[in-house]
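Work the whole structure out from these sequences, hints included.
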Amino acid sequence: MLESSVLESSLTELAQGLQTRQFTSVELTQALLARIDKLNPHLNAFISVSDQESALAQAAAADQRLAQGQATPLTGLPLAHKDIFCTQGMRTSCGSKMLENFVPPYNATVVERLAAAGMVNLGKTNLDEFAMGSSNENSYYGTVKNPWDLQAVPGGSSGGSAAAVAASLVPAATGTDTGGSIRQPAAFCGITGLKPTYGRVSRWGMVAYASSLDQGGPMAHSAQDCAVLLNAMAGFDPKDSTCVQRAVPDYCATLAANLDGLKIGLPKEYFGEGLHADVAAALEEAIKVYESLGASICEVSLPHTHLAIPAYYVIAPAEASSNLSRYDGVRFGHRCQDPQDLEDLYKRSRQEGFGAEVKRRILIGTYALSEGFYDAYYRKAQQIRRLIQQDFLNAFNEVDVLMGPTAPTPAFDLGANTQDPVQMYLEDVYTIAINLAGVPALSLPAGRSGTRPIGLQVIGNHFEEARLLNVAHQFQQVTTWHQARPQLAF
Amino acid sequence: MQWEAVIGLEVHVQLATQSKIFSGASTAFGAEANTQACAIDLGLPGVLPVVNEQAVAMAVKFGLAVNSKISTRSVFERKNYFYPDLPKGYQTSQMAEPIVGPGWLDLTLDEQTTKHVRIHHAHLEEDAGKSLHEDFHGMTGIDLNRAGTPLLEIVSEPDMHSAKEAVAYLKAIHAIVTYLGISDGNMAEGSMRCDANVSVRPKGQTTLGTRCEIKNVNSFRFVEKAINYEIQRQIELIEEGGRVIQQTRLYDADLDETRAMRSKEEANDYRYFPCPDLLPVVLDEAYIQHLQAQLPELPSQKQTRFIEMLGLSAYDASVLSASRALADYFEQVYQVCQDAKAAANWVMGELSARLNRDGLEIQDSPVSSTQLGQLIQRILDNTINGKAAKQVFATLWAQEGQSADEIIAAQGLKQVTDTGAIEAIIDEVLAKNTAQVEQYKAAEVDKRGKMMGFFVGQVMKASKGTANPQAVNQLLADKLAALLD
Amino acid sequence: MALTSADVEKVAHLARIQIDASLIPEYTRDLSNILDLVNQMQQVDTSEVEPMAHPLDATQRLRVDEVTESNQRDALLAGAPATEAGLFLVPKVIE
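Chains as they are written, first to last, in the UniProt record's numbering: chain H, 1 to 490; chain W, 1 to 485; chain G, 1 to 95.
Keep in mind the hints are simulated off the structure, nothing from the lab. There is no bait here: all hints are sound.
If you only want the chain G side, here are some residues facing chain W, beta carbon under 8 Å, derived:
1. H54
2. R63
3. E69
Below, simulated EDC-like cross-link-like pairs (lysine to aspartate or glutamate); rule was C-alpha separation at most 20 Å, straight line:
4. W:K79 to H:E371
5. H:K288 to H:D400
6. G:K10 to H:E357
7. H:K268 to H:E284
8. W:K464 to W:E423
9. G:K92 to H:D338
10. W:K387 to W:D418
11. H:K239 to G:D57
12. G:K92 to H:D341
13. W:K130 to H:E343
14. W:K225 to W:E10
15. G:K92 to W:D135
16. W:K387 to W:E350
17. H:K239 to G:E69
18. W:K215 to W:E157
19. W:K164 to W:E10
20. H:K97 to G:D20
21. W:K387 to W:E400
22. W:K130 to G:D74
23. W:K130 to H:D341
24. G:K10 to H:E352
25. W:K447 to W:D478
26. H:K239 to G:E66
27. G:K92 to H:D344
28. G:K92 to H:E343
29. H:K38 to H:E27
30. G:K10 to H:E343
31. G:K92 to W:D85
32. W:K203 to W:E240
33. G:K10 to W:D269
Computed spacing ranges between beta-carbons, pair by pair:
34. H:P238 to W:R357: 51 to 59 Å
35. G:T68 to H:A67: 33 to 41 Å
36. G:D36 to H:E371: 17 to 25 Å
All C-beta atoms, glycine included, are put in the ideal place defined by N, C-alpha and C.
As structure tokens, then:
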């Protein structure tokens, strides 16, 4: 059985191990399944773990490809999918009781592409129900623990993916990000996570929360790992009308470029009141590293930042209220016992199937779209959305990338915000505007507050993922935050 | 009091695409339940829509045919409501920015009257599934084969004032969509469905009365009956001191009445908003021009041509251009016989009567346009007379002969125009009927015309109908006159 | 902005979600708080701003009209809560 030190390697390192025949995909898969078996009961990062037979069959096929020299850089590497990506024949719950028994008859395009690259699917990771949340405490399948500190949340909504990677249950996982759901858990769990430009990665088979904001992306230890994953995930899909027809660059090819002359903008609105002192200090250190790498720093302004959360909590719930209408107990999903009539079928099935936060967002969204309120809420939010996007476009006229905190604080305690939805919403103050603008951003580990990791957020212009990965990779060449692993004393 | 009805129609036309508006499932009618409903049509989690190009092209063609402004940018929105035949809990439709803008149509009501009806707009949307109310232990069954079939909803202005005008409008829309080939227009199968908004007001009043919407009336005849019933109901209600309540009503063809729908009682709040899974449909002028160039001759153009080039009356031209199949048939008959009036008379007369009697559509006519054209030719060149022609037509209808010529030969119907032969028959008839000849001679002059008919009939009968009637008349008149001398 | 419990009940009906009477005050409070947050939007004048529905200024791609799906009824109905004779079953629909 492979040792922990091997299993805790990055995706890139494991790929080398496979390619140099230090171990096989079957060995790696067996070892990781055993590790999941041992550690997952303490972390609850997985909702479903692939059955051994199926995972080993994928691994064996990958070993064959490796032996035949037909491998891609990802062949034989295990991963997990956030349980919001449809997996053919494997339950896809979205963290909801509503879909406790939903087995999709198709794969998400992301799942399909990573499988085609030869990756081995070890299971489906926990999340806030329908990706609505910032702490993973909204899952019907229980909360996820942060591997760095079991008292802390892992972040959300892709908390299971972040925790699974941080705890080395898998070297990589997929996530989705509607308002920060890849970046914030990546920051809280000390890993690297990228939200691509809206339209860069297909949304087919990725169960919708808010369609105009949702975007899938990679979560792994390093920027280099994310680059390899994005190479396979990104690209046009005729099944998604919002997926762009645009060539995909080789994200690995530009990782090594030096940062001489890179212009970094620091949005002054991201460094104001409410920023935790340890986070501020970690960022200051990180900025110094970038200066030493040849970058120049200046302050910029994103003047509509304070309106991002208000606009988001109209647009996202409005879209969600409509997207989640299909859960009606008729064709799939939860259905209440003995419905008296049609209305009873709808109302009780949805009451029983959805959790509290999902219901709150459906109700707010329904209200915002209802007669007489559309202009004041939905239309207004869309206008503000344009102002927010314009802020970013203006900033990118002056600088190459923006940097700031991913979250205002390190991971907070489990239960700290569960009584106050609005307080929970404010945790996403630095990530939400990026989704409204549709630009790409990543979070990389850049410090720690006690045992809890701190994330640095790097934001780029539309389709500048390659630059973001390059900027993060260069930081990771001279720092070790991304190599740190939590002590798991189980 | 004099009342005026005000009527606007919303016509839903199923577009004749191969696949659905947002999925690759088939739109064919009549398949076994739920065998043509794919994951997208069912609204399964994670699925996404992609717009069918043909649906867009068909909508644009319709817009061009009704003089509408085509929107170079149109937006799909979601109309949110819960209903079991609506899988996603919303219908993807268009609201603020429909693909077809304002347009108009001129209807020929009769020889003297045309009616101008404005079209408010037409938009693309997806059809819903079907609820089957047969009893499944007190439950309703849902078939989603129809869900996602592309619909063009054509919304008129409230410009019509009688059921007759409404039906003329509906027939004009039917003619246009079938001419364009964008729908089969089959009302019985639901390819074309009509909702009528009906209100009444005292004649001369300019403000509108409260309207009722009659849903889903599925034939021209029922549209007429439902509207007439509803107009009368509203007038009687008001005259008895009542008040019309705005509501949705269903037409019951068995009882010939409309009744309020229970399920639509509550006011709906559809929460329209732009569908975030779809992007604005942007069309450039070149694309629109390209479709314009593909348009066939339209009913109104055909009607004008029939009047101006073929010399038909306005009424005949409007009847013959009402359906593309009928117009095509007529034109083929005309091509063969080269006499438009005769072709029109036969198509609108003998042929239509037979089709009606047997409940057939023109496409199913047992007599082909070529066969009818050749038959008319034989009348025009005096090969047969009118009576024989009907016999030939009946034989063709019964599919007991290949062509008019063959039947004429086989049944010996060729007209006898040889005066010698006819004179011989006349002599024979007069010789056989001496009593009648004597009566004729004795009769008053003004009674003789009627008595002459007897001899004509006898001569025709003796010739087995083949004698040329004009020749018989002339020769018989001469013979009888000679007898009087 | 304070919502009333009647507002919440109306919206819950539109969204077809049953809410126990005992929970209405809690929902009313939470939703009112969210609306207070959201209403910060009203501080800015956006009268000159074009609404933005999508982050990219892209247009709809059109699909070729061809049938690509075959009959998948058995697979699709397998996950349905109530079916009979190839149909989804629901409580009686009254028109």
